[in-house]
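The residues making up each chain are set out below.
Protein chains: 2
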Amino acid sequence: MEVITSSDDGGAVRTKEVKAFGTAAADANLQQMSIRRREFQVQDVEIEILYCGVCHSDLHTARNEWHGTKYPCVPGHEIVGKVTGVGGEVTKFKVGDLAAVGCMVDSCHDCDYCKEGLEQFCAAGNIQTYNSHDKYIGAETYGGYSESIVVTEDFVLRVPENLDLPATAPLLCAGITTYSPLKHWNVGPGVKVGVVGLGGLGHMAVKIAKAMGAEVVVYTTSPSKVEDARKLGADDVVLSKDKEQMKRYKGKLHFIIDAVSAQHDINSYLKLLRVDGSLVLVGAPEHPLPVAAFNVITHRRTLAGSSIGGIKETQEMLDFCGKHNIVSDIEMIDINQINEAYERLLKGDVKYRFVIDMQSLKSG
Amino acid sequence: MEVITSSDDGGAVRTKEVKAFGTAAADANLQQMSIRRREFQVQDVEIEILYCGVCHSDLHTARNEWHGTKYPCVPGHEIVGKVTGVGGEVTKFKVGDLAAVGCMVDSCHDCDYCKEGLEQFCAAGNIQTYNSHDKYIGAETYGGYSESIVVTEDFVLRVPENLDLPATAPLLCAGITTYSPLKHWNVGPGVKVGVVGLGGLGHMAVKIAKAMGAEVVVYTTSPSKVEDARKLGADDVVLSKDKEQMKRYKGKLHFIIDAVSAQHDINSYLKLLRVDGSLVLVGAPEHPLPVAAFNVITHRRTLAGSSIGGIKETQEMLDFCGKHNIVSDIEMIDINQINEAYERLLKGDVKYRFVIDMQSLKSG
Chain A
1 MEVITSSDDG
11 GAVRTKEVKA
21 FGTAAADANL
31 QQMSIRRREF
41 QVQDVEIEIL
51 YCGVCHSDLH
61 TARNEWHGTK
71 YPCVPGHEIV
81 GKVTGVGGEV
91 TKFKVGDLAA
101 VGCMVDSCHD
111 CDYCKEGLEQ
121 FCAAGNIQTY
131 NSHDKYIGAE
141 TYGGYSESIV
151 VTEDFVLRVP
161 ENLDLPATAP
171 LLCAGITTYS
181 PLKHWNVGPG
191 VKVGVVGLGG
201 LGHMAVKIAK
211 AMGAEVVVYT
221 TSPSKVEDAR
231 KLGADDVVLS
241 KDKEQMKRYK
251 GKLHFIIDAV
261 SAQHDINSYL
271 KLLRVDGSLV
281 LVGAPEHPLP
291 VAAFNVITHR
301 RTLAGSSIGG
311 IKETQEMLDF
321 CGKHNIVSDI
331 EMIDINQINE
341 AYERLLKGDV
351 KYRFVIDMQS
361 LKSG
Chain B
365 MEVITSSDDG
375 GAVRTKEVKA
385 FGTAAADANL
395 QQMSIRRREF
405 QVQDVEIEIL
415 YCGVCHSDLH
425 TARNEWHGTK
435 YPCVPGHEIV
445 GKVTGVGGEV
455 TKFKVGDLAA
465 VGCMVDSCHD
475 CDYCKEGLEQ
485 FCAAGNIQTY
495 NSHDKYIGAE
505 TYGGYSESIV
515 VTEDFVLRVP
525 ENLDLPATAP
535 LLCAGITTYS
545 PLKHWNVGPG
555 VKVGVVGLGG
565 LGHMAVKIAK
575 AMGAEVVVYT
585 TSPSKVEDAR
595 KLGADDVVLS
605 KDKEQMKRYK
615 GKLHFIIDAV
625 SAQHDINSYL
635 KLLRVDGSLV
645 LVGAPEHPLP
655 VAAFNVITHR
665 RTLAGSSIGG
675 IKETQEMLDF
685 CGKHNIVSDI
695 EMIDINQINE
705 AYERLLKGDV
715 KYRFVIDMQS
725 LKSG
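Protein chains in written order, with this note's numbering: chain A, 1 to 364; chain B, 365 to 728.
Just so you know, the hints here were simulated from the structure itself, not pulled from any lab data.
Misleading hints may appear alongside valid ones.
[As the list claims (entries may be wrong)] Derived coverage of chain A by chain B (criterion: at least 3 residues anywhere in the stretch with Cβ under 8 Å from a Cβ of chain B; other residues may be distant):
no.	stretch
1	46-54
2	201-215
[Said to hold, decoys possible] Computed Cβ-Cβ distance ranges for the label pairs, DEER-style:
no.	chain 1	residue 1	chain 2	residue 2	range
3	B	His651	A	Glu340	39 to 45 Å
4	B	Lys380	A	Asp235	53 to 59 Å
5	A	Asp242	B	Asn393	42 to 48 Å
6	A	Ser222	B	Gly489	47 to 53 Å
7	B	Gly615	A	Gly68	18 to 24 Å
8	A	Asn267	B	Glu608	31 to 37 Å
9	A	Asn267	B	Asp476	19 to 25 Å
10	A	Arg63	B	His651	32 to 38 Å
11	A	Ser222	B	Glu704	55 to 61 Å
12	A	Ser268	B	Gly374	51 to 57 Å
13	A	Asp242	B	Asn550	20 to 26 Å
14	A	Ser268	B	Ala503	48 to 54 Å
15	B	Arg612	A	Asp154	43 to 49 Å
[Claimed, not checked] Looking from chain A toward chain B, a few residues come up when the C-beta cut is under 8 Å (computed):
no.	residue
16	Tyr113
17	Leu118
18	Leu281
Model, not experiment: these values are computed from the prediction.
Don't be surprised by glycine CBs; every beta carbon is placed ideally from N, CA and C.
The whole structure should be built from the sequences, with the hints applied where relevant.
Dropping the structure here:
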């Protein structure tokens, strides 16, 4: 059923009903629902969603753990699919192309950061793929747990044809979140990189850092992951609970990417850095992390953070992954398994990313 | 009285007795004592100490607050004086020259960091001006609260002739500790710099950052320092206890130098940084500082630390200060006032650095 609704600037916009899977409250399970998508405008690309990755942010938002969730909420920002419609001004996509959408669907295009291609830091606040204000239809944005999505061309990514499509979906968040800091901090040959935490983000960091030519040491609390880390390409693996093993790279690493979102002792990792080394957080523990001043002062070390990446850099990451044949290790699920998948996610019981086969929604 | 002692490599080294002012225990006052200095060797410069600045580190070490102090302890690492003797291989100094010594008197000369001119990060551990092992006479090093010092030429600095000599002494620690990070993080025209804490380090940071061409905002808890900050050159002053004032530069500063060694809320300062901005600690609070991950992740901000500077950079700083006519604001004291000065230091009651007129030791 077509409905005409009103955009932020007062224009009339036709919308249509689309099947989705979302939640009506923080303590409710996800279930099938209907949402409305705008019909594609002149600069829009309409995408039939084929696969959508399941990010821990989906769970945090669905359950209002970061507060500010508006319901109903349809998560999902690791989206790959096929173009089913393009507006008259669209130049980079045509019907039938593969296309992808990540964590953002728009930004102001006008601030210093947007002009630099850092839309993730848009001064006005970018429009996220879900749980943001949708200026086109004056409602909330709804994510990738749905049949289709309509996104302005500038925020749609091209997908390398040689990659396994479902396993490509997690690149749109887990991939860019690790690629961006590895690139920004000049990881490459001759650089010793520590990867803390071997989950959805960590396993991508290992693959990408190796492809960049770095030496990679994985830090994990799980003896069961040692073998896995090596298979993923790690040059060495350290059990972080073992104090003796933790001494092995003291003062020797140039860069650490820390993908642990549970509370953990950041100081024991800062001590592993060489002079001018950087530890970058891509996981966000709930409570502040105590940092001993001497651990940064004595070696001019830095503790930093990084958040996804800009659109241009996301395309660069996808092209890099295409060239190096990098995808995520995934476990495919049907949409009806999403609530169970969230429970397993909480236990770290996934290698290394759930991806929803969206065919299961269409036929459900 | 001349005494022959043994160096680490087994050689015999003549030493002589020198008047100094130091402490025999963590809870004892500083008092006059005798120490031994080596006679100058072929690569050594012997310096008659004319003035010595009083750094908070002196107090921490004298009172064993950082642990590891060996007694007797003679503090002082902001040393200026006149050359009274040079070894046969010394090429850069002659008797009668002004000379200065900072926080280090030697390093391994051989590690990657020393080769890069980063002796402050010497992998073997540099030899600090006091409370380090003195390889030449197999004892402890003694600092600048003394009549004279003998230092290998490579660690002796040239002093610009145009600067007020007593007010130059604090440049050797407070000056380089602030110059080095301002330089390393590219402070210059068009850069908005926050200086947190207006004490010995902070007031030097204001002067140096201004001379580098930056816009400088001072953060202080003391309404009484607002006027002072402006006189020192600050473009703006924010009372950090005032929540409204703290909003003024939210997301607007490129760089913050944090010179507060008391516990304080680092997150409220991280929020002032723009994307890719850095907050650098040069003060070292005793307890770890809680850092909220989101405060670094959302703007790719960095929290870093910095420690003094290398010898080449220290000379560069002195030359820069000579060129821009920058010295410390000081209060001159006699050596007998040092215990009282320490008590005043604890209360922040000094504008902005005590400097000891060492003539008072010689004539004492």
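Verify the CB-CB distance for B:Arg612 and A:Asp154 against the hinted window 43 to 49 Å.
With a Cβ separation near 34 Å, B:Arg612 and A:Asp154 fall outside 43 to 49 Å, so the hint is violated.
For the pair A:Asp242 and B:Asn550, does the Cβ-Cβ distance stay inside 20 to 26 Å?
40 Å, violated
A:Ser222 and B:Gly489, beta-carbon distance inside 47 to 53 Å?
Distance hint for A:Ser222, B:Gly489 is violated at roughly 36 Å.
How does the Cβ-Cβ distance of B:Gly615 and A:Gly68 compare with 18 to 24 Å: does it lie in that range?
19 Å, holds
Is 48 to 54 Å right for how far apart the beta carbons of A:Ser268 and B:Ala503 are?
35 Å Cβ-Cβ, so the 48 to 54 Å window is violated.
So is the stretch 46-54 of chain A in contact with chain B by the C-beta rule, three or more residues under 8 Å, or is the coverage claim wrong?
violated (count 0)
A:Glu340 and B:His651 - C-beta distance against the hinted 39 to 45 Å
The hint (39 to 45 Å, Cβ to Cβ) holds, given that B:His651 and A:Glu340 are roughly 43 Å apart.
Holds or violated: the 42 to 48 Å window for the beta-carbon distance between A:Asp242 and B:Asn393?
Given range 42 to 48 Å: holds, Cβ gap about 47 Å.
Determine whether the Cβ-Cβ distance between B:Lys380 and A:Asp235 falls within the hinted range of 53 to 59 Å.
About 55 Å separates the Cβ atoms of B:Lys380 and A:Asp235, which means 53 to 59 Å holds.
Taking beta carbons only, do three or more residues of the stretch 201-215 of chain A come closer than 8 Å to chain B?
violated (count 0)
CB-CB spacing for B:Asp476 and A:Asn267 relative to the 19 to 25 Å hint
Given range 19 to 25 Å: holds, Cβ gap about 24 Å.
Mind checking the CB of A:Leu281 against every CB in chain B and telling me if the closest is under 8 Å?
At about 5 Å, which falls below the 8 Å cut-off, the nearest Cβ of chain B leaves the hint on A:Leu281 intact, so it holds.
Checked against the numbered hints above, the structure breaks hints 1, 2, 6, 12, 13, 14, 15 and satisfies the rest.
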